[in-house]
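Turn these sequences into a full structure, and let the hints steer you where they fit.
Protein sequence lines, in the order shown, are assigned to chains S and F. Its first residue numbered -14, the first sequence is counted upward by one per residue in my numbering. Its first residue numbered -14, the second sequence is counted upward by one per residue in my numbering.
Rather than coming from a laboratory, the hints here were simulated on the basis of the structure. Remember, it's a predicted structure, so these values are computed and weren't measured experimentally. Any given hint could turn out to be false.
Pairs involving identical chains hold if they fit within one copy or between any two copies, as the list cannot separate such chains.
Pairs of lysine to aspartate or glutamate, EDC-like flavour, derived with a Cα cap of 20 Å [as the list claims (entries may be wrong)]:
#1 K305 with E256
#2 K289 with E100
#3 K289 with E256
#4 K325 with E256
#5 K188 with D420
#6 K64 with E54
#7 K303 with E266
#8 K34 with D178
2 protein chains.
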Amino acid sequence: MKINRREFNRGLIGTAGALALGPFKDQAHLRVNGARIIQNLNALAEFGKNPQGGVSRVAYSEADRQGREYVMGLMRTAKLDASIDAAGNILGRRAGSGANLPPQLFGSHIDTVPEGGNYDGVVGSLGSIEVAQTLSENNIKTRHPLEVIIFQNEEGGLIGSRAIDGELTEKELDLVSRSGKTIREGIKFIGGDPTRLAGVKRKRGDIAAYLELHIEQGGTLEAEKIQIGIVEGIVGINWWDVTIEGFANHAGTTPMNRRQDALLAAARFIEAVNRIVTSMEGRQVGTVGRIQALPGAPNVIPGKVVLSLELRDLDEAKIKLLYEKIYVEALQIARASQTKFAFVEINVNVPAPTDRGIRRLIAEAANELGLTTRLMPSGAGHDAQDMARIAPVGMIFVPSVAGISHSPREFSRPGDIANGANVLLHTLLKLDQLDLS
Amino acid sequence: MKINRREFNRGLIGTAGALALGPFKDQAHLRVNGARIIQNLNALAEFGKNPQGGVSRVAYSEADRQGREYVMGLMRTAKLDASIDAAGNILGRRAGSGANLPPQLFGSHIDTVPEGGNYDGVVGSLGSIEVAQTLSENNIKTRHPLEVIIFQNEEGGLIGSRAIDGELTEKELDLVSRSGKTIREGIKFIGGDPTRLAGVKRKRGDIAAYLELHIEQGGTLEAEKIQIGIVEGIVGINWWDVTIEGFANHAGTTPMNRRQDALLAAARFIEAVNRIVTSMEGRQVGTVGRIQALPGAPNVIPGKVVLSLELRDLDEAKIKLLYEKIYVEALQIARASQTKFAFVEINVNVPAPTDRGIRRLIAEAANELGLTTRLMPSGAGHDAQDMARIAPVGMIFVPSVAGISHSPREFSRPGDIANGANVLLHTLLKLDQLDLS
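Structure (structure tokens):
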């Protein structure tokens, strides 16, 4: 079915059009094997398993390499043509029936944070392989070629996806990753070739769409008893280091009204960040996660504090507005406490909206499966944010129990995982029917 | 002159009595040699001098030992009989004319904090030796024996004075001091004998009075342009460690209203401590000087914070009241932020009031010298607080420029130092006329 790409991407195609994109009758009842996903998930959890629970499968570690070998085996079982690209990403290819159509990509990552869980990235990775296996077992050939992609080192800075959209710099390759290896060494270690990174770059038009299934990592879906989150976009993240200069002095001999207490100013700042961020409508978040007070003795008034300020929202303008309000309040706090504030911007990730047309297809697929949905931002970064620079993307969230992630206590229920994989499957089939032109 | 000790100590002796305690006519114009104090102070500053400025003459270091030898030489020049007691304190004795009168003690310390100044302790030590030399040069024999005492390791926990009032424990002798030596080793190093500490203990009645001249270490005298501070007492210090337990979670995926942010709770607590301490009349101080937030990453909501709370006041009951107010507010903060607060008492120093009769004599001496005075607490700890357990004590403060102490920038003006030594001299002479019975 040929439809206008621009109108689709903007979500402008109406209900009639959407209905026309329903599954072929013989595909409507297609379901993944949820039990098999869980079985594979438990098997993968052995690689980097911590004695105290949870998984440490840091990118470029031996556990990572073994986990990747296991995943490539699963791909072959699913009749995918498994290979490793020069950046170290794992690709599982499946031919399409259409002529000259670009591939549809879907996948996630299997590396974890130190002392993490086995759901973040893994659910989407194994869910994607399961979708491919389901298609294979049901002898369904899609029009577009399919590529299941397992991005390398997501947790260490979206390294694999940033190689594909060309954002990864030569300089970054020499940074030391959590494994102790430089990224360059790590890429070699997992079977890539850092001298041939140019070959993995893809440009707009090379990829029909990118879909990613992922755990929510927050507690919204569970709290609201909703089964599927349709991601509106990956939030922008701005991180500043804030230095507050007061004057270190004797805690016994300096009267309260003669103090220039940098920690008191910091306390007022932290409270202000929370108040300003929560005083506006919306799902923006603001966090002070790190703080250091110097000299740091019980009997010395802190003369200097360094803290981090992180703001996230889907809307760059809102982040800017929040920052301006916080900055103005910091000046007032500085004046009142005779301290000085200095802000240094450390990192900026711009927001990455998902494709509105794909969001609509995800909603339809979930609806046809009888699943409840809600639109929501992704507060965490994902490989999808870099894929959004070169292709329309869609992201499907499943509930995280208690909203816990990056922890051995990370958990998503098997039923929710199967639901997510089924929504991925049917969104893929709907997308496959489109010729976006 | 025989007066009632109890009435004197309570400051109950009226103006008539006070006038009667004025100096003998031939002593009224007695003055110390201020230039000599500064000359000696500069000479002593060579021991442990830092290339970048200031002095590191940590107790039991080689610099400390050399500085002590220098000071014993000054004592001999002042016709004092210099010796080292078993605890390592330096004593400079001078006989009195009265029969069976207990000695009057006066002095301070010459050890410094690392990267400290050359005024904290030193002004009182050299000022006391100068007082003795002035008496000697003017052939004045006091009725009471005099003992100039240079307490060892004041900065490392009032070790020398706590040996004298019997508070120093056997267990403490094995603690490692800043010099790297244990206190036991340190005492040997400076010429004491840690096996004979029992011999240095003194009980109430053994000492007529203890006087200490010291720099203020705060900025009150300078700000108010007052020349002499009459110390009302050394404040009590209560130190708690406060642990705040929240829940560490992803800063991107956890909405603001589902956070249990231990650092936000800590910020509200720090603000509350300041508000409560400053909302009451008086010179009490409250300080949060140390803070640690865990895990301490910009993108993780802090799950745990440990911070120090220190309260100081002359009145133990006020410290207790402040703590109760702070504790109640902490419970409210905990409830509002879904965190838990736990308080652990780490250290308590009870307040040590000075003797009211001696305060009055200091005021008279200063007045006769044409110097302005004010009553004030000592916010910092001093050897005088332990001497107060066994004897009536008086403390004389001179201004610290900009209120800076424990810093190479520590400074007191030569004129102020001479004033302080003159007040010490005349207070001593007034006290010497009394037979407290």
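Verification of the hints:
| no. | hint | verdict |
| --- | --- | --- |
| 1 | K305 with E256 | within (19 Å within a copy, 27 Å between copies) |
| 2 | K289 with E100 | between (32 Å within a copy, 18 Å between copies) |
| 3 | K289 with E256 | both (18 Å within a copy, 17 Å between copies) |
| 4 | K325 with E256 | both (17 Å within a copy, 18 Å between copies) |
| 5 | K188 with D420 | within (18 Å within a copy, 99 Å between copies) |
| 6 | K64 with E54 | within (15 Å within a copy, 88 Å between copies) |
| 7 | K303 with E266 | within (11 Å within a copy, 44 Å between copies) |
| 8 | K34 with D178 | neither (28 Å within a copy, 58 Å between copies) |
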